[in-house]
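Engineer: Going by the working numbering, the first residue of the sequence shown is number 1, and it counts up by one from there.
Be a bit skeptical, because a hint or two may be false.
Said to hold, decoys possible - Distance ranges between label pairs, derived from CB positions:
#, residue 1, residue 2, range
1, ARG4, ARG26, 39 to 49 Å
2, PRO19, GLY55, 16 to 26 Å
3, THR76, PRO19, 17 to 27 Å
Note that these hints are calculated values from the structure, not bench results.
Don't be surprised by glycine CBs; every beta carbon is placed ideally from N, CA and C.
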Amino acid sequence: MSRRRRRLPLPVSRAPRRPRPAPYDRVEILARWAGCAYCDGPAEELDHVLPFARGGRDVAANVVAACRNCNASKYTHTLACWATTGGHAPCVCDS
Numbered sequence: 001m002s003r004r005r006r007r008l009p010l011p012v013s014r015a016p017r018r019p020r021p022a023p024y025d026r027v028e029i030l031a032r033w034a035g036c037a038y039c040d041g042p043a044e045e046l047d048h049v050l051p052f053a054r055g056g057r058d059v060a061a062n063v064v065a066a067c068r069n070c071n072a073s074k075y076t077h078t079l080a081c082w083a084t085t086g087g088h089a090p091c092v093c094d095s
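Based on the provided sequences and hints, a complete structural model is requested.
Structural biologist: As structure tokens, then:
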């Protein structure tokens, strides 16, 4: 006699996510800023001023155009913390 195991649904945290549309237009934001918001270099990416890791939301008011270097060095730091290091050194603040 063969027993078939019933597949259980995936836990919520492991369920595949559906991509959701951004509440803003990427092209419009890049055009509006016409360069990196932090260094005035050419902007290729969008950066969340207050990162998700710090409680930031995915809304147009929290998004600016940024170059890859500034976006990568800012990472999950707040703008105030990142700016105190000149954007070059690791930030050591907790907020």
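Engineer: Hint by hint, say whether it matches the structure.
Structural biologist: Going down the list of hints, with the structure as the test:
1. In this structure, ARG4 and ARG26 meet the distance hint of 39 to 49 Å, their C-beta atoms being roughly 47 Å apart.
2. The supplied range of 16 to 26 Å is met by PRO19 and GLY55, whose beta-carbon atoms lie about 22 Å from each other.
3. The hinted range of 17 to 27 Å is satisfied by THR76 and PRO19, whose Cβ atoms lie roughly 22 Å apart.
This entry satisfies every hint, going by the numbered hints stated previously.
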